[in-house]
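Asks: So you can see what is in the structure, the chains are spelled out below.
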Amino acid sequence: MRRSVLLPSLGSLCLAAALAFAPGCSGSNQDEDGKIVLEFWTIALGDAFADYINGMIADYEAQNPGIRVEWVDVSGGEVAEKFIAALVAGDPPDLANVYDLPRFLEYDVLSNLDSLVTDEERDRFLPGFWRGMGQYHGANYAIPFYASVNMMWYNKEIFAAAGLDPERPPTTMTEMLKMGRIIHERTGKYGVSWRLHPSLVGPPWVLLRQEGIWPLFNEDRSRTTINNPQALELFESWIDAYKHGAIPPEALAAASRDEVNWFIEGRAAMLPFSGGWITRYFDKSFEGKVGMTSHPRGALGLVPGTSQVLVVPRMSPHREEAVDFGLFVTSPRYQLEFCSYVAILPTTKEAAADPFFSQPPRNISDEANQISAADLPNSFVAAPPDTKSWSRMEDILYEEFAKAMGGQQSAQEALTRVERKWNHLLRFTAL
Amino acid sequence: MTPLEQQAWMGRLRLTGQYVALMAVGSVLLAPFAWLLATSLKSESADLFAYPPEWIPDPVVWGNFAKAWSILPFPLYIFNTFFIAITTVFLTLFLCSLTGYALARMRFRGRKVILYAVLATTMVPFQVLLIPLFIVTLRLGLVDSYAGVILPVAVNAFGIFLMRQAFTTIPIDLEDAARIDGCGDFTIYARIMLPLVKPAMATLAAFTFVAQWNDFLWPLVVLKSRDLYTLQLGLASLQGVFGVNWRYISAASIIALSPTIAFFLLTQRFFTRGLAAGAVKE
Amino acid sequence: MNKGIPFRQRATPYAFIAPGLLLLATFFTYPLLDTFWLSLHRYNIFHPPVWVGLDNFRRAFGDELFWRVTANTLLYAAMVVPALVVVSFILALLVNATIRGIRIFRTAYYIPVVTSIVVAGIAWKWLYNSDGLINALLRGFGIAGPSWLADTRGVPAALLNFIGLEVTSGWFSEPCIALASVAMVTIWKASPYYMIIYLAGLQGIPPQLEEAARVDGAGWWRIVRHITIPSIQPYTLVVSIIATIGALRTFGEVYVMTSGGPFHRTNLLAYYIYTLGFKYLEVGYAAAVSLLLLVLILVFAIINFRVAGGDADK
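Respectively, the protein sequence lines represent chains A, B and C. Under my numbering, the first sequence has 269 at position 269, and the numbering climbs by one with no breaks. Whatever position you read off the second sequence (first residue = 1), add 431 for my numbering. Whatever position you read off the third sequence (first residue = 1), add 713 for my numbering.
These aren't lab readings, by the way, just hints derived from the structure by calculation. Because the structure is a prediction, the values reported are computed rather than measured. Some clues are possibly wrong.
To be verified - Straight-line distance between alpha carbons at most 16 Å, and here's what the computed EDC-like set of lysine to aspartate or glutamate pairs gives:
id: 1; chain 1: A; residue 1: K289; chain 2: B; residue 2: D616
id: 2; chain 1: C; residue 1: K992; chain 2: A; residue 2: D395
id: 3; chain 1: A; residue 1: K421; chain 2: C; residue 2: E777
id: 4; chain 1: A; residue 1: K284; chain 2: B; residue 2: E475
id: 5; chain 1: A; residue 1: K388; chain 2: A; residue 2: E219
id: 6; chain 1: A; residue 1: K421; chain 2: C; residue 2: D776
id: 7; chain 1: C; residue 1: K992; chain 2: A; residue 2: E106
id: 8; chain 1: A; residue 1: K349; chain 2: A; residue 2: D375
Starting from the given sequences, assemble the full structure and let the hints guide the process.
Replies: Pasting the structure below:
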């Protein structure tokens, strides 16, 4: 009798097992007529850019008759989930736009591009961006797709209401926080639209780098040097600013793009953020109020920039072809065409020097893009430190810094705890 | 006032009270939606986040809907989503009611264990199952197909559980009577029992439809061709790397959710008391 | 013991459950077993798994953040589940009326369920901001509201402070305002869902029962108390179990509204597991934590069966 109980469960188990060990039929690498198929992933470009991407692919296929490119546009911020699932299942894309790279770099998933690209090809790129987001232990694992240099957006109406000159936005980080406090005192609005949770455009550790408190680790990455007087001073100034309303209280509990929304909502006067493409969110009414200038400086004198990157999984059977296509996608011609559709910056020298970026601006987004482009030479790429467990470390920094802002501990306590936890991780992962 | 008049008057008072309560609760539930709707109708020069909120925009701009409609290939996405959702609904209704019926009305060994095992499948967050599930789907050759989106969710523990609970409330006499009449098990299930649990079926249909309509992560991972993309994938791309203004996102979301509301209105017909269910207990 | 019953008859139930269970086994049980297997390994996806026995579980018990997040999750469920059972029942009673236009009301009430959490999250954040709509309304009553999603004061402490009692943290510090605010969104979004389940139950109650009671002179409350509530007991069990499972694996609200902040006070297990698996790529550890979550859910499901239903054996 027992048997009849077990029957269905055993049957199901057998099916599951059969499935698990069935020969994988992973995605086709070659199509019927013997062409190599490259799978190319972008993040949520959507239909707005479909013609651009399809045109580029058609050009490439015409020049390379042996290759067919399959474009997959991954819809949301969840590209990493799809990327990881595809890698694990053994069916990875050949060229993919992904972000938040440290986890992939740490586990050696991506192709080392220094060995796949000639010196000449490498020299086409602005050196800071080539040695940028995909930099890990001296090698580069990512092709810079397009870039953005942070700039300052501010609300002239709120400036005026606070009795500040709308034509004199802050030029330094210190001045920005000071003005932020004044604005909160005089108008009840918040000063700086900024959030603490790790994000691509403005992660909190970038503040340290802007002040020249960098690198955060000793030479052999066995210990952190973050617990120092300059870092303490910086932390204290931001904690103080938070407590005095220079930053919205929600800075401690926000999600992606909230800081942009706060700025557009008119809750906060200043938004140190990415370049011109955010004008896509603006309304006519808001465009009239918005002021734009270059990003405030810290002690280092440079401003942060970021880039979206294309990577080639090591697992791809067509790495060389994928890199070749990646270089085609990032060639000056297509970068410039991309920049003409949306206010972003190129990562190649030739495209960056194009007169396009010094023409009279057609609209607010061009104007913003030029401000941002003008700072290209004064920018550093906000690439995360290439230490193991960085994703965890970043979250630890967030947690302790946030507790200090929330009044749960002092800035010194926060730094001490960050130091202890980071050192623990460094020891732990060194094994 | 005669007692009869008094009664009529009380009835009217109660009715008014009912409407007032319905409206009051409704306005609380719908406040965020109302804001969404208002946003979708605002003009370029209106302040989206103004306080006090502007519930009725001036001027009302229907053009946002036209613009939203033009940014995404809605007809394609709506067809895909509709096809996936409807197929899933039928599969779910059939398979969950079949399993739920056996679990509720048949005596067999392992029944309780199976019930718990079924329930356990709902208990792990989907994010955890994502990768193994993707591997299974890939091995079955279902990646980048409608079937790949549908089959993994065609049966769900919640549906089985709901149907089981619905079948348990039906009196046993009816089944016995049918059995005496010589009906087979499947006939009893299909002809006698199913019509009695119509409200529960309608509930399950409405839930399944909405769940499939709004599902995001699984279609995102399993689909590759834009020709197969669903509405939620399209909507997400509006908030993608280069998003668009909130007015268009709001308008697009309203376009995207209106079919679910229509489906719900349709299935409501079945929520109303089945005549048979009333007759049974007599 | 089943001797004498023909095979055909014994096999029938299994034939009924086979198709459904087969699909469940393929698409859920197998991945679940896989998760179990992974929980015993150190695995970062890109290197072959290394057997570590129960290390991942041991690690969880020593993980400060795991306990913080588990506590949050339990507090969160403790707020959400009872609220959902009660609120959705009241909603169902409201829309169970047979009056003109009731279908419109039912449909309107259902809208929170069909609104995507991403879009709903934006609207709620706008309501919850320190200078948002809720606080603007409170200001009308002379109350200075908090920043709802960022305030980590305990709800009990804040309420006691409000009526003039000075208390220090301790017992009054949980749950915090931010977590309660996230819970509110879940209650808003999910209660119409459970309302529909209750509605199906209410529609199944023979009207004669209530009419008989009414003829006997029973008032509205007595009918609800003595007829309606007992009659829909099986549905209450469904609601409480599904709501418990749903609450314990809540993800979207955290993901779109707070990212778990401030400092993990609104971080819930499902979000933590997601961070472990996809951000840190510690898949083995994430699997272990998900199994602990599964045990937690199982315990609550069993408690639910005992308290609310106890009819699993029926």
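Asks: Next step is simple, just say for each hint if it's right about the structure.
Replies: Here is how each hint holds up against the structure:
1. A/K289 <-> B/D616: It is violated: about 73 Å lies between the C-alpha atoms, which goes past 16 Å.
2. C/K992 <-> A/D395: 10 Å, holds
3. A/K421 <-> C/E777: Given pair A/K421, C/E777 holds - Cα atoms ~12 Å apart, limit 16 Å.
4. A/K284 <-> B/E475: 5 Å, holds
5. A/K388 <-> A/E219: Status holds; Cα separation ~14 Å.
6. A/K421 <-> C/D776: Holds, at about 13 Å.
7. C/K992 <-> A/E106: The given pair, whose Cα atoms are some 12 Å apart, holds under the 16 Å limit.
8. A/K349 <-> A/D375: 14 Å, holds
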